[in-house]
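2 protein chains.
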Amino acid sequence: MTTPGTFEIHATDGAARTGCLHTAHGIVRTPIFMPVGTVGSVKAIAPDDLEAIGAEIILGNTYHLYLRPGDELVARRGGLHEFNAWRKPILTDSGGFQVFSLSGLRRIAEEGVEFRSHLDGSKHLFTPEKVVSIQRNLNSDIMMVLDECVPYGADRTYTEKSVGLTTRWAKRCRDAYPKGAAGNLLFGITQGGFFKDLRTRSIGELTDIDFDGFALGGLSVGEPKAEMMDLLYHSAPLLPADKPRYLMGVGTPLDIINGIAAGVDMFDCVLPTRNARNGTLYTSLGKLNIKRREFAEDDGPLDPACSCYTCRTFSRAYLRHLYTAKELLAFRLNSIHNLTYFLDLVRGARAAIAAGRFAEYKRSFEAIYPEEVVA
Amino acid sequence: MTTPGTFEIHATDGAARTGCLHTAHGIVRTPIFMPVGTVGSVKAIAPDDLEAIGAEIILGNTYHLYLRPGDELVARRGGLHEFNAWRKPILTDSGGFQVFSLSGLRRIAEEGVEFRSHLDGSKHLFTPEKVVSIQRNLNSDIMMVLDECVPYGADRTYTEKSVGLTTRWAKRCRDAYPKGAAGNLLFGITQGGFFKDLRTRSIGELTDIDFDGFALGGLSVGEPKAEMMDLLYHSAPLLPADKPRYLMGVGTPLDIINGIAAGVDMFDCVLPTRNARNGTLYTSLGKLNIKRREFAEDDGPLDPACSCYTCRTFSRAYLRHLYTAKELLAFRLNSIHNLTYFLDLVRGARAAIAAGRFAEYKRSFEAIYPEEVVA
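So the protein sequences, as listed, match chains B and F. Read the first sequence against my numbering and you will find it ends at 753, with the numbers running on by one and no gaps. Read the second sequence against my numbering and you will find it ends at 753, with the numbers running on by one and no gaps.
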């Protein structure tokens, strides 16, 4: 096995690049989209479906798994891969993002962040050392450092202080788990809110620490699309070119295309699975809502360009029926399709980059989602 | 293709028999358990799962499909098999049972039964001719006649009148669809409440009509187990030996074993799928509730004797976690297992009958479910 953390770039096209990242549970080809398995299961989707749609890595949420079933229980099962029967790579977030979403339920200090469980109100403390310990218990292939994700609209003074805290927490995470101690990789998370110089400073401070990869955190938190793109194109090139770059929690198909264009390698988002459960489905012809009356007698496949089980097997009419009848099967079939769409998108991006035609590939998505194109 | 309706008995053991029933969409081996796909989908289970668990025939509910998406819409899709992508046999009930469950919302007359939709309160009339027409639109392989299912506790006077009505409705169904008009089979339903002589009379009247098979209706409607068994063992032998016998809406594993012992060939019940969604799972060691704390760290399979995807892949600990975390995946995995259990039960029964050891097979289930054994 190649040493976990080895990152090879096979081709570039502008800032976009394609390659592969070696982990303790196998290789991840990049660019990659990571389906989100919040509590250890990608909602409505079992490992057999993940295999069928060609998922290469999934994400687990440290906050949720820590609370239930508990990271120590998972460790006693042999780690998350043994527990959830997904034997390929897993990335876990640090729990920071979830904790900072618990507005009113948490208190930040130098030591860490104190919060109350959304399940039972019990009090907990996440320190940098603690979140590394939790992720080690989960035996995550890619662990993320604890960071402070500042909300959109935070002022410069607050954001500047926060950048310092995020750097100190990142160092404590690295110290708690020295590089090479085991096969688990550790990624740093750069922050800096919506100030370019603070983004630059955070990247400078984080990249002084020897992480296996670097993430852009705190984007796609409610800001206008143009502002996100501005910061993305500012920040991504500042991240080390020889390490994987991860744009956290992003995003729409066009957001991902833009991220790839900016040189990002990894993406995760609940959008395909959450929208699947809302009946919003992505197709080569654009988004559609399967609930709409117009599909009641539509015998065609959901997406004629898609090879997933749902599109190979069922008509739009049947998918609409399942959705309107509130059948559980709708969740699985819609999720299989949307995840396939997002994975096809990154598979297509790899091929386009390798062929030197990524700009054309990007334009094809801009044509599908014109309302999202930032002038 | 052998003529639909051809029923071959390959072996008998006491009253129990094993054989196969030919339908327009293939062969069903008997005894058989039919998973219930109320609105065209077996809840949380797609055709790929049905194939994997070895389902041979599923049931669709005429009442539900008539209301939504509508039988005419399904007919325009090419029938239910084309609509739901299950290309093997489908049996549809007549809708009678559902309508008679809508207490207060329905009115019975000679013409048929008037009822209000549980979806929008709209008024509808099911006549014998109408339910045949609906089932023809669905292109059901096995259609059921309209019958009156009398509630447990109905008195002799009411039940006697009802038997007459059920017979007249059955004749009208047969007249509306003369035998051999197409590949859809039509089964009669015998009633008679909880009076043996009325059961005998109903069977006598129904078997005078040329149906492709006969059902025992109106059992398992709230009566004590001993009373159901008494009527089952009274009635089943009165049904023609050369036609398939169907015990509607039954039941627990031991109910099915008893039905087979009485000479019944076909069963359907929501129990395996409904219980799966409640976390009640059937195993070779008895029923268990996966929610229980004792399974939190149980790394063993749900049922060591089971070959289903769930048992091959996941631990009890993970299944408990999915259930307690209210993950959608729990519904699919639990349903796959429970349906496999019920199908394994009938597969095992066939082998036991063929080997002349059905009594022993029956005793093995009585040992698992001693609380259900009727003295």
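Certain hints may be false.
Identical copies look the same in the list; a pair holds intra-copy or inter-copy alike.
Stated by the list, open to error - Listed below are the simulated DSS-like cross-link pairs for lysine-lysine, each with C-alpha atoms no more than 27 Å apart in a straight line:
| id | residue 1 | residue 2 |
| --- | --- | --- |
| 1 | Lys501 | Lys669 |
| 2 | Lys621 | Lys421 |
| 3 | Lys704 | Lys669 |
| 4 | Lys549 | Lys704 |
| 5 | Lys665 | Lys603 |
| 6 | Lys501 | Lys704 |
If you are wondering where the hints come from, they were derived from the structure by calculation, not from laboratory data.
Against the structure, the hints:
1. When the C-alpha separation of Lys501 and Lys669 is checked against a cutoff of 27 Å, the pair qualifies only between copies, where the shortest distance is 25 Å, while the shortest distance within a copy is 42 Å.
2. Taking identical chains as interchangeable, the C-alpha atoms of Lys621 and Lys421 are never at most 27 Å apart, the minima being 30 Å within one chain and 45 Å between chains.
3. In this homomeric assembly, Lys704 and Lys669 come within 27 Å of each other (Cα to Cα) both inside a single copy, at 11 Å, and across copies, at 24 Å.
4. Taking the shortest Cα distances, Lys549 and Lys704 never come within 27 Å of each other, neither inside one copy (48 Å) nor across copies (37 Å).
5. Taking the shortest Cα distances, Lys665 and Lys603 sit within 27 Å of each other inside one copy (18 Å), while across copies they are farther apart (53 Å).
6. Taking identical chains as interchangeable, the C-alpha atoms of Lys501 and Lys704 lie at most 27 Å apart only when they sit on different chains, with a minimum of 23 Å there against 37 Å within one chain.
Checked against the numbered hints given earlier, the structure breaks hints 2 and 4 and satisfies all the rest.
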